[in-house]
Amino acid sequence: MPAKRREIVPMALLWGAGISTIVILIVILAYILAKGLPLISWHFLTTNPGVRGQTGAGIYSTIVATVAVTGVALLVAAPLSVGGAIYLNEYTRENLLRKVIRQAAEVLAGIPSIIIGLFGFLFFVIYLLPYTGGWSVLSAGLTLAFMVLPISLRISEEALKAVPGELREGSLGLGATKWQSITTVVLPTALPGIITGLILGMGRAIGETAAILLTAGGALGVIQSLRDPACPMTLYIYNILTEYNDTSAAYGTAAVLIIAILAITFITDWLMNSYTKKLQGL
Amino acid sequence: MSGEIEISVKNLNLWFGNFQALKNVNIDIPKNAVTALIGPSGCGKSTFIKTLDRMNDLVDNVKFTGEVIYKGRNILNSDTDVVALRKEIGMVFQKPNPFPKSIFDNVAYGPRVHGIRDKKALNEIVERSLKGAAIWDEVKDRLNESALRLSGGQQQRLCIARLLAVEPDVLLMDEPASALDPIATSKIEDLIYELKKEYTIIIVTHNMQQAARVSSHTAFFFLGELVEYASTIDLFERPREKKTEDYVTGKFG
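Protein chains in written order, with this note's numbering: chain Z, -2 to 279; chain A, 142 to 394.
Just so you know, the hints here were simulated from the structure itself, not pulled from any lab data.
Any given hint could be a false lead.
[As the list claims (entries may be wrong)] Derived coverage of chain Z by chain A (criterion: at least 3 residues anywhere in the stretch with Cβ under 8 Å from a Cβ of chain A; other residues may be distant):
1) 24 to 31
2) 178 to 186
[As the list claims (entries may be wrong)] Quick list of simulated restraints, FRET-style, between CB atoms:
3) Gly162/Z x Asp282/A: 47 to 57 Å
4) Val223/A x Phe116/Z: 38 to 48 Å
5) Ser292/A x Phe116/Z: 55 to 65 Å
6) Ile108/Z x Asn152/A: 34 to 44 Å
7) Ser292/A x Leu93/Z: 39 to 49 Å
8) Asn270/Z x Pro181/A: 39 to 49 Å
9) Lys281/A x Leu77/Z: 39 to 49 Å
10) Leu42/Z x Ala262/A: 48 to 58 Å
11) Trp267/Z x Arg290/A: 18 to 28 Å
12) Phe263/Z x Asp282/A: 34 to 44 Å
13) Lys281/A x Gly13/Z: 25 to 35 Å
14) Arg290/A x Gly162/Z: 14 to 24 Å
As the structure is a prediction and not an experimental result, all values here were calculated from the model.
Note that beta-carbon positions come from the ideal geometry of N, C-alpha and C, so glycine has one too.
Could you build the full structure based on these sequences and the hints that come with them?
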């Protein structure tokens, strides 16, 4: 066989491996959207779920629950992760503590979500019951914060590391304090990376099910406070599929979830691109 | 040496870990004049000027002994307020490092971090500083544009303007023209010539012609030691040390 023809087989295999990623994504999206899109209507989005998944009801309270739980997770995880990244990158030198914290973040990111959920259940739902209200938006959000934290921390740290040292020196050289240099030069320059980390963390929080299952409570009413039990969209899908006879609402919910995640990804990408361009004066 | 002394360095030694980068350096820097530091790469000249505004503090495992007397105090003392010091002794870096902000905000950065908020005062400072750095005419109609859109030479003059805005006494320049083309370089050199009337300037350079053109005094560093320090004319035309003669005549470099 000539050399050129011998190349065809590995080339084709590698091409197929690359293409299969796209194909898998398209198949999943197409399947969910094909089954789910016809169900989505204004009524579907603004009506609460019926008892035992009765046909013709909506998912309003589960959307509210997802927004609330994700919001709590981000409110807690954002300052901790960005603050931690600033501390690691700007205030410590490469030493043992820094390696240990970074390793800890990696291990935390790798812990199976059901175990994080188990911890959240024992700690927030049971031990802190008087404060969290037991199964509640608060318990679920705080538990999810543990999952958002390591993702956002690592990505924020990389973003800060990518800010050229000359900018820090330039600022310090003008007699700015370290904190002034960080807030007025370093953070604005690193902002797109930091936001990207938070968005990835947010995607994790929106899509999480196992940890929610153990901490949110699954009540289908519209929450009145953060200490109320709730049923975010992912958990609702799980409940429909495992408990109800009519599973069609699961596809509608899944389609809403996917569209929301796609929209968040594309909108932040676009915002961050235009911000970066503005920083670079393009 | 005639004239007033701005900075007096006595028995300065500096180590990075176990490596001694500066060996017993003694030098008096004249006020309102340009002093050039020359020498081959790694000879300690950049390390030396970074000692003068304590920028070496940012490096791991740095230690130093000796004295750097400026305004009657030893700035190497551990109780020195380095933030205040860096306002008085400013640095222009090798690679232009404008902030990713507008031209105006770059120049106003220093005054703002030092608490000036008044719009009118800031406008005046920005205009005066840009004029001082000979770049006002080129940018006066585009102050709100990003500084990153300027050419390399303009960026470097903007960085000088940014420094002038905090009204320092001493300007440290670490090879300020090494990343620039010949035309931009000559603009920087013209600017240095103007600035020395009001500022004490210490410039590190690889380019001996540049040292000869802009400075009144020149110091030759080699392997961490100050080999020779004299008026620029003497150093280039009548070097006392064999090593200096070899370097300025191009026998090594």
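For this session: Check the following: the C-beta atoms of Arg290/A and Gly162/Z are separated by a distance inside 14 to 24 Å.
Result: Holds, since Arg290/A and Gly162/Z (Cβ atoms, about 22 Å apart) stay within the stated range.
Exercise. Do the beta carbons of Gly162/Z and Asp282/A sit within 47 to 57 Å of each other?
Worked result: Violated - the Cβ-Cβ distance for Gly162/Z and Asp282/A, about 33 Å, lies outside 47 to 57 Å.
For this session: Kindly confirm whether 34 to 44 Å is satisfied by the beta carbon distance between Phe263/Z and Asp282/A.
Result: 37 Å, holds
For this session: For Trp267/Z and Arg290/A, compare the CB-CB distance with the range 18 to 28 Å and indicate the outcome.
Result: Given about 22 Å between the Cβ atoms, the range holds.
For this session: Examine the region 178 to 186 of chain Z: at least three residues should have C-beta closer than 8 Å to a C-beta of chain A.
Result: Coverage by chain A holds for the region 178 to 186 of chain Z (4 residues, Cβ < 8 Å).
Exercise. Does the Cβ-Cβ separation between Lys281/A and Leu77/Z fall within 39 to 49 Å?
Worked result: With Cβ atoms ~45 Å apart, the hint holds.
For this session: With a C-beta cutoff of 8 Å, work out whether three or more residues of the region 24 to 31 of chain Z approach chain A closely enough for the coverage to hold.
Result: violated (count 0)
Problem set entry | Beta-carbon spacing of Ser292/A to Phe116/Z - inside the hinted bounds 55 to 65 Å or not | 57 Å, holds
Exercise. Per the hint of 38 to 48 Å, is the separation of the Cβ atoms of Val223/A and Phe116/Z within bounds?
Worked result: 45 Å, holds
For this session: Take a look at whether the Cβ-Cβ distance between Ile108/Z and Asn152/A falls inside 34 to 44 Å.
Result: Violated, at about 57 Å.
Exercise. How does the Cβ-Cβ distance of Ser292/A and Leu93/Z compare with 39 to 49 Å: does it lie in that range?
Worked result: 45 Å, holds
For this session: Look at the Cβ atoms of Lys281/A and Gly13/Z and judge whether their distance stays inside 25 to 35 Å.
Result: Violated: the Cβ-Cβ distance is about 60 Å, outside 25 to 35 Å.
Against the hints set out earlier in the document, violations occur for numbers 1, 3, 6 and 13.
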